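Trainee: Each chain is listed here by its residues.
2 protein chains.
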Amino acid sequence: MGLSRLSDQFHRHLVASSAFSEDDREAVYRAIMTRRDVRDQFLDDPVPDDVLQRLLQAAHAAPSVGFMQPWNFIVVRSAERREAVWQAFSRANDEAAAMFADEQQARYRSLKLEGIRKAPVGICITCDPDRAGPLVLGRTHNARMDSYSTVCAVQNMWLAARAEGIGIGWVSIFHQQDLRDILGIPESIEIIGWFCLGYVDALYDQPELAIKGWRQRLPLEQLVFDEAWGRSRG
Amino acid sequence: MGLSRLSDQFHRHLVASSAFSEDDREAVYRAIMTRRDVRDQFLDDPVPDDVLQRLLQAAHAAPSVGFMQPWNFIVVRSAERREAVWQAFSRANDEAAAMFADEQQARYRSLKLEGIRKAPVGICITCDPDRAGPLVLGRTHNARMDSYSTVCAVQNMWLAARAEGIGIGWVSIFHQQDLRDILGIPESIEIIGWFCLGYVDALYDQPELAIKGWRQRLPLEQLVFDEAWGRSRG
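Residue numbers (the working numbering), protein chains in the order written: chain W, 1 to 234; chain E, 1 to 234.
If you're looking for bench data, these hints aren't it; they were derived computationally from the structure.
Since we're looking at a predicted model, the values are computed, not measured.
Wrong hints could be hidden among the right ones.
[Stated by the list, open to error] Derived pair list, reagent style SDA-like, types lysine to any residue, alpha-carbon separation capped at 20 Å:
1. E:LYS212 x W:TRP214
2. W:LYS112 x W:GLN9
3. W:LYS112 x W:ALA98
4. W:LYS118 x E:GLU227
5. W:LYS212 x E:HIS11
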């Protein structure tokens, strides 16, 4: 097949893709702006399989380096297993708290940082660096691109969940070996995070750590540079 | 202030947050499912500052570990600077192509993997691990959480762009030092990626690497486990 035929063949796959209507655009921004990292607002209501499947399909639609799709999703509903995960969190979190000094430690200990037992569903999301063999298009000059792809899947799932009325909280305070042991995850697989999922009927109007005085929103204009590092915009 | 007063104070910040209407939910899924990694469909049309600002606000609304907001955005419109970035890509991409053997190398070389010069806007997105000091809530047991937060910002921006009719392509094939030199990025700052942005009026109906035969979509059911690694559902 000549190159021009190939080119025509690809062209068939181009579809009109303009901006969304104003209403649809606002819906996308609303998901982005009202999404929260949920630790305590989970309701008991079970998450139906078909809803969970939509969230996983959203995750699976993420971009991935070399289209390697390195992610896996371990869906945990068992209360016993979530209890074991919580115990692992709790041990690591005690270590974490002890790293902070004095008043900051007291403040740290007052924060609820997970909903592992309260949320009816936990998902461990992992990255398999060997999913597409050792040589991956786009990973040749940045070895972390596979885990970054998996994080794109996380954020897709998080935003879809917001639209479904489901809250998600990312828990990162674990010794990875504890999660490996509880979930039987092989050594070659990177653990990206544990995610608590459950229906919510209320969310904070700002990030919880801002509301609780841990750290405030930075002004966006300080974070945007023009043409080179450190040059603020006119 | 007693704890109960504090608790009431936080409660004031909880707002009703149920599922979106079916139309709004579909808009969110449409952004997720039709978003593409764009390399060649960029139009010349300039991206207005107010639209770019909305995309950056979407990025800035991402979750971040310990609310550290480690991201910076270097917005590059200068054709000369984009040319320098393209030269850096081009050198790295020649190295990358040489890593692939025979037919796969020919196929690699036939792919257009960037739109650095064609897209009117480039954004280099970076992660500052020192943004909130050495000790960060939630990063104590996973040192990569700051870069993962920055990737969540990337994906927020990408989905908002889809709703705005703007395509984005992630370019990862660089020696980081080249981008540091061109953009004046300090050594302490991690470069997450270079992103090409521009209006599009057509996108591929599947990931471009699938259409062009590089690698196909994996069945989602192979990637989802029940309760533990390797246990397939149902």
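Trainee: Next, verify each hint and record whether it holds.
Mentor: Evaluated hints:
| no. | hint | in the structure |
| --- | --- | --- |
| 1 | E:LYS212 x W:TRP214 | 48 Å, violated |
| 2 | W:LYS112 x W:GLN9 | 54 Å, violated |
| 3 | W:LYS112 x W:ALA98 | 16 Å, holds |
| 4 | W:LYS118 x E:GLU227 | 17 Å, holds |
| 5 | W:LYS212 x E:HIS11 | 11 Å, holds |
Checked against the numbered hints above, the structure breaks hints 1 and 2 and satisfies the rest.
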